[in-house]
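In order, the protein sequence lines correspond to chains A and B. So the first sequence is residues 1 to 368, counted in this note's numbering. So the second sequence is residues 1 to 309, counted in this note's numbering.
Bear in mind the hints are in silico, worked out from the structure with no lab data behind them. Possibly wrong hints are sitting among the right ones.
[Unchecked claim] Listed below are the simulated DSBU-like cross-link pairs for lysine-lysine, each with C-alpha atoms no more than 35 Å apart in a straight line:
1. B:202 x A:130
2. B:148 x A:119
3. A:177 x A:20
4. A:20 x B:202
5. B:305 x A:119
6. A:177 x B:202
[Unchecked claim] Take a look, some chain B residues computed to stay more than 12 Å from chain A by CB distance:
7. 159
8. 205
9. 253
It should be emphasised that the depicted structure is a prediction, and the values quoted were computed from it without experimental measurement. Think of the CB as a built atom: it goes at the ideal place given N, C-alpha and C, for glycine as much as any other residue.
What follows is the residue order along each chain.
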Amino acid sequence: MAALTIRDVYKRFHSVEVLKGIDLEMDSGDFTVLVGPSGCGKSTLLNIIAGLERQSSGNIEIGGRIVDNIAPRDRDIAMVFQSYALYPSMTVRQNITFGMECRNVPRVQRDEAVGRVAKLLQIEALLDRKPGQLSGGQRQRVAMGRALVRDPLLFLFDEPLSNLDAQLRAEMRIEIKLLHQRLGSTIVYVTHDQIEAMTLATRIAVMRQGVVQQFADPETVYNRPANLFVARFMGAPPMNTLAARLEATRGRTVAVIGYGEAAIRFPVPPEAEGWNGRDVVLGIRPECIAEPTRHFSDLPGAVTTIVASVEMVEPTGAETIVVLRLGDERALGRVSPDVRHRLSETAQFAVDTRKISLFDPASGDRIT
Amino acid sequence: MTHAVPAAVQLSRQGTLSALRRLPEYLTIWVPLLLSAGHLVSFALWTIWVSFTPSTLLPVSGWVGLRNYTSVMATRNWTIAFDNLLLFGSGFVLLSLLIGLVLAILLDQRIRGENVLRSIFLYPMAVSFVVTGTVWSWLLNPGLGIQKLVNGLGWTAFRFDWLIDRDMAIWTIVIAAVWQSSGFAMALFLAGLRSVDADLVKAAQIDGAGPIRLYRRVILPTLWPITVTVVVIQLQFAITTFDLVRALTGGGPGIATLLPALVVYDFMFQRGLLARGAAAAVLMLLTLLAVLLPYAAWQYAQRRKAARA
């Protein structure tokens, strides 16, 4: 069953178009992450789903019911905010039960619900404190508690982890994922952090300038990005995008980077045949370029060994990022920390060519 | 060793230079501070001293203990002035708080022409109390102002003569003072409302709070510190009110609208009882301290709390 359907939603502020025809459909139990750079319209879209802002045109359907004319309180949703938005004058308990108080739920039921949620989130000891007496991580938990206590059709998260430090963010990420797995709730989650998107989502919608660039599961978004924007936005360090041209050699299609002696050739899928003789943009993830002893695959032709000069190395501890010169361009590779390259030396690298993406240089769209 | 000497010289020269460069700062801060503190503190101390002397028309030395205080407090003028202060202070503070808050909440609804309205509401602040008092004395004058206007429109039975009514005259001062300073309360409240996290309002909307519950439970509690500040500022204004009453009622009818500052003025400059006037002034100062000291303590506690959090 579709838990949330967004149909052709536009949003204009005066003459500025913030959302340009959004169409998304989410099933019950989906964890959908809306990700994109700031100003892409993701938060506006979330506010429209919540009913806090009104779309200029189009429909929102929650649980099979069109909610365009229904107030936020009656949409059966709960929301977690970036600033947590805990009511400062109320205790944690009052914060969690405020929604029930507004709906005149009897006290016995309220207490029961608070107990259940507090246990789930391990905030029992904090119930009688005020938000001002809590740490960032504790506030985050209370904010989630306030959402969980409603047991709604749809959870909305608006960059909930942005105000936490890196370590706490990683912890809360795991907790949110565990909660989703345990409760099977339907979640729409807005973030600008592509790592959060990759780790949490069952479906990712990458947005840019009010348009959904790609709406797919994380693996597809990562390995088969729909266009150059998605390719460069998802992944850190980002995908290498190199100017190349397709040629037919011995009946096979290859992508060629650089000219003459120094040219590097990668096999590409036969579906790209139609682009023989034309310029393309070749995208390859840094982790697909590694030291020659790396074992990527047993498939014949999957791995190509290339020779390139090393311009810079960045050891991170777990691995070393190398900056290579491929033709006229730079590319990043990720090699084992045991391999020590000297600067300007020429070395061999293994390239996993199965995961090469090709893009149309004019439109930026994926070719194959 | 040979290098150490020039370095030290250079250092001290830099020190003098930076002190010179900061000279304007010192001048602008310390000279006015010393002058005003000198004025305030020295005259306050002098007044306290005079209040314990038998001075009449001119200050004389001598010690009479608390005699001036007891006799001031025994006068009818003083008890009436203090009763009036209680009425005027509470009425004025509560009304200006309420009106200021309502205006601020209404202005905060993203209405058109907010800037114009805000200026209009704040404008009375720019008028001197003497002008406010004079204008309201015309408006409230039954033979000249509002009553005459309404009578002239045909409602001949309409009476609005508080200005000449012994029991109600103190409320005319409340009206004028509220008119003058609700805009100030509004400006402070509006700033407070604007600093409320927009997400709080959104969260309350999703929780299903209607406008009344939203303000009562979520927004207004965040305005506590501002409310306290407004109350204290308005109270200290109420306690020291002089020019407004002077221009509006002159303390009358009879002595119905006397306030402590008028009593001080009366003792000192009209009856030539300097020591009694000084004693009354010191009593006013004590009243002020009764308001300001708890406020200072409260602020100190707030700051400590903020520093700990």
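Hints versus structure:
Taken as a hint, the residue 202 of chain B and residue 130 of chain A pair is honoured in the structure, with Cα atoms around 20 Å apart against an allowance of 35 Å. Restraint check for residue 148 of chain B and residue 119 of chain A: not satisfied, since their Cα atoms lie roughly 71 Å apart, outside the 35 Å limit. The suggested pairing of residue 177 of chain A with residue 20 of chain A holds, with an alpha-carbon distance near 30 Å, which does not exceed 35 Å. Using a Cα cut-off of 35 Å, the hinted pair residue 20 of chain A and residue 202 of chain B holds, with the two alpha carbons roughly 24 Å apart.
The hinted pair formed by residue 305 of chain B and residue 119 of chain A meets the criterion: a straight-line CA distance of about 30 Å does not exceed 35 Å. With a C-alpha separation of about 25 Å, the suggested pairing of residue 177 of chain A with residue 202 of chain B holds against the 35 Å cut-off. Every CB of chain A lies more than 12 Å from the CB of residue 159 of chain B, the least distance being 45 Å, so the non-interface label holds. A cut-off of 12 Å between C-beta atoms contradicts the statement that residue 205 of chain B is not in contact with chain A; the least separation is 5 Å.
The non-interface label for residue 253 of chain B is consistent with chain A: the shortest C-beta to C-beta separation is roughly 46 Å, beyond 12 Å.
Hint compliance for this structure: hints 2 and 8 are broken, all remaining hints hold.
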